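Participant: Work out the full structure: start from the sequences and follow the hints.
Residue numbers (the working numbering), protein chains in the order written: chain A, 1 to 104; chain B, 1001 to 1334.
It is possible that some hints are incorrect.
Computed list of lysine to aspartate or glutamate pairs in DMTMM-like fashion (alpha-carbon distance at most 25 Å, straight line) [as the list claims (entries may be wrong)]:
| # | chain 1 | residue 1 | chain 2 | residue 2 |
| --- | --- | --- | --- | --- |
| 1 | B | 1110 | A | 7 |
| 2 | A | 9 | B | 1082 |
| 3 | B | 1004 | A | 20 |
| 4 | B | 1105 | B | 1146 |
| 5 | A | 9 | B | 1227 |
| 6 | A | 9 | B | 1146 |
| 7 | A | 9 | B | 1278 |
| 8 | B | 1110 | A | 99 |
| 9 | A | 16 | B | 1082 |
| 10 | A | 21 | B | 1239 |
| 11 | A | 21 | B | 1054 |
| 12 | A | 16 | B | 1054 |
| 13 | B | 1055 | A | 19 |
| 14 | A | 9 | B | 1239 |
| 15 | A | 16 | B | 1227 |
| 16 | B | 1071 | B | 1039 |
| 17 | A | 9 | B | 1054 |
Read the hints as simulated data drawn from the structure, not as lab findings.
As the structure is a prediction and not an experimental result, all values here were calculated from the model.
One letter stands for each residue in the lines below.
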Amino acid sequence: MSHIVRDPKIIWRVEKQREEKVRQALEAGDEPSEAGTVILVVSGTMHQLNFVGGSIWQLCDGTRDCEAIVSELAQEFDVEREQLAADVQEFVDDLVDREWLYYE
Amino acid sequence: MSEKITELFSAPLTFNWTLSFACNFCCSHCYSREEETEELSTEDNCRIVDVLVDKQVPFINFGGGEPLIRKDLFAIAGYAADKGLNVSMNSNGWLVDAASATALKKAGFKSVGISIDSIDPSLHDDFRCMPGSFDRAVAALDHLRDAGIRTTMSSVISKINYQDFRPLLDLAREHGVEQVYLHNFKCSGRGFKNREDLDLSPDEWRSFYEEALQVKAETDDLEISFDDPVISSLPGYDEQSLVKGSSCGKLSLHLRPNGDITPCGFIPLVVGNILHDDFDDIWYNSPVLTKMRNKEAKGKCGDCGSFESCLGGCTARAFATTGDFCEPDPHCWK
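Facilitator: In structure tokens, the structure reads:
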């Protein structure tokens, strides 16, 4: 019930060059960029997810719940776990409302 | 989207793919009827699929020529669908019967578009230069729906239908079509030769779009699409496109039967070959694509307040009629 999965009808891809650029900027100590690193095509309309959102999206493959996603991201992002958990939950809630993600 | 296309997209979202220029029809507006080139083997076409998968291109749309002329369409499409690509095609419908519709479904086609230009069978048949083609096209829509494939309908707007497009929408409804494309007329191939007889004047285009946009706004049971950048210069037009101006060379590219890549089917400029050249080099560095993505305002576009929205309109049409991407779209009414 608590594992999070992407709507299979949504077409998406990781823009790898862009993702790498943002990753390098983060490693250099810059703030997380708002630049889109994952693009989604939902019913013919394109949306972009930034690096943090894109990272969460990629982990929503039906094998993890929110807690597991937070644990994975905590290895990558240098933020308080409590803050990270709140951010992940907010993102997931938003995309569940849009019916782009759902719990199974 | 003010940033450079290649800063966001590492590849197009769609490849429009002509497996063969061969066709059983000889339509009055066809861009490709007089084209000839080598065709690739099934194996080589599957190698192309591998490249598209590697580059994460999510959509392929077979066109042509008539895609069903190639007997290995099902094998190539099935290979692509198995690799996760979203496969669709546009067809004249002549070869779509119950058996082929079932085979298309089995091959993994998500959507099939059928061309119908008038609800008057004789007008459609005359435009398509094929007696009986209207009845076969309508039957194709039913076969595809029965097979469980999403259908779309493509109507090329021309002198024969621009004042009478509403019945086409009713026809679509009657046959379970989900989306109707009211395609703008392209001045390429036979379309260039016959443009005096078939193409509308700029003022006629304006009137058509004003009416069609109103119909679209009042319609909620059918998706109506135009894909014509020149529309964005209409006052009050506020639909958000993924990119401004023409989408070709930005969101989509076209594959010719020998693997050559062109920006779109209507622009016969080869920017490389998908099997012989490095795709990333083509996508990021092609001078033709770079020029198309960075159009300068020429002629009347120079002091037009709409240029920022329409970017000069359809690049293919400007190129076909003037030889210059940056000249104004000849359909522009401003």
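Participant: Confirm or reject each hint.
Facilitator: Here is what the structure says about each hint:
1. The straight-line distance between the Cα atoms of residue 1110/B and residue 7/A is roughly 16 Å, inside the 25 Å bound, and the hint therefore holds.
2. Annotation: proposed proximity of residue 9/A to residue 1082/B holds, straight-line Cα distance about 15 Å (limit 25 Å).
3. Taking the CA atoms of residue 1004/B and residue 20/A, the gap is near 17 Å; set against the 25 Å cutoff, the hint holds.
4. Pair hint residue 1105/B plus residue 1146/B holds up; C-alpha atoms about 10 Å apart against a cutoff of 25 Å.
5. For the proposed pair residue 9/A and residue 1227/B, the alpha carbon gap of about 23 Å is at most 25 Å, so the pair holds.
6. Of the pairs offered as hints, the one joining residue 9/A and residue 1146/B holds, with about 21 Å between alpha carbons and a cut-off of 25 Å not exceeded.
7. Among the hinted pairs, residue 9/A with residue 1278/B is inconsistent with the structure: their alpha-carbon atoms are about 31 Å apart, more than 25 Å.
8. Restraint check for residue 1110/B and residue 99/A: the C-alpha separation of about 21 Å stays at or below 25 Å, so the hint holds.
9. Taking the CA atoms of residue 16/A and residue 1082/B, the gap is about 23 Å. The hint holds against a cut of 25 Å.
10. In summary, the hint linking residue 21/A to residue 1239/B is not supported, as the alpha carbons are separated by about 31 Å, beyond the 25 Å threshold.
11. A C-alpha spacing of about 20 Å is found between residue 21/A and residue 1054/B, which places the hinted pair at or below 25 Å, so the restraint holds.
12. The hinted pair formed by residue 16/A and residue 1054/B meets the criterion: a straight-line CA distance of about 12 Å does not exceed 25 Å.
13. The straight-line distance between the Cα atoms of residue 1055/B and residue 19/A is roughly 15 Å, inside the 25 Å bound, and the hint therefore holds.
14. This hinted pair checks out: residue 9/A and residue 1239/B have alpha carbons roughly 23 Å apart, not beyond 25 Å.
15. The straight-line distance between the Cα atoms of residue 16/A and residue 1227/B is roughly 28 Å, outside the 25 Å bound, and the hint therefore fails.
16. For the proposed pair residue 1071/B and residue 1039/B, the alpha carbon gap of about 13 Å is at most 25 Å, so the pair holds.
17. Proximity of residue 9/A to residue 1054/B is assessed by CA-CA distance (about 20 Å); at most 25 Å being required, the pair is judged to hold.
Hint violations for this structure: numbers 7, 10, 15, all remaining hints satisfied.
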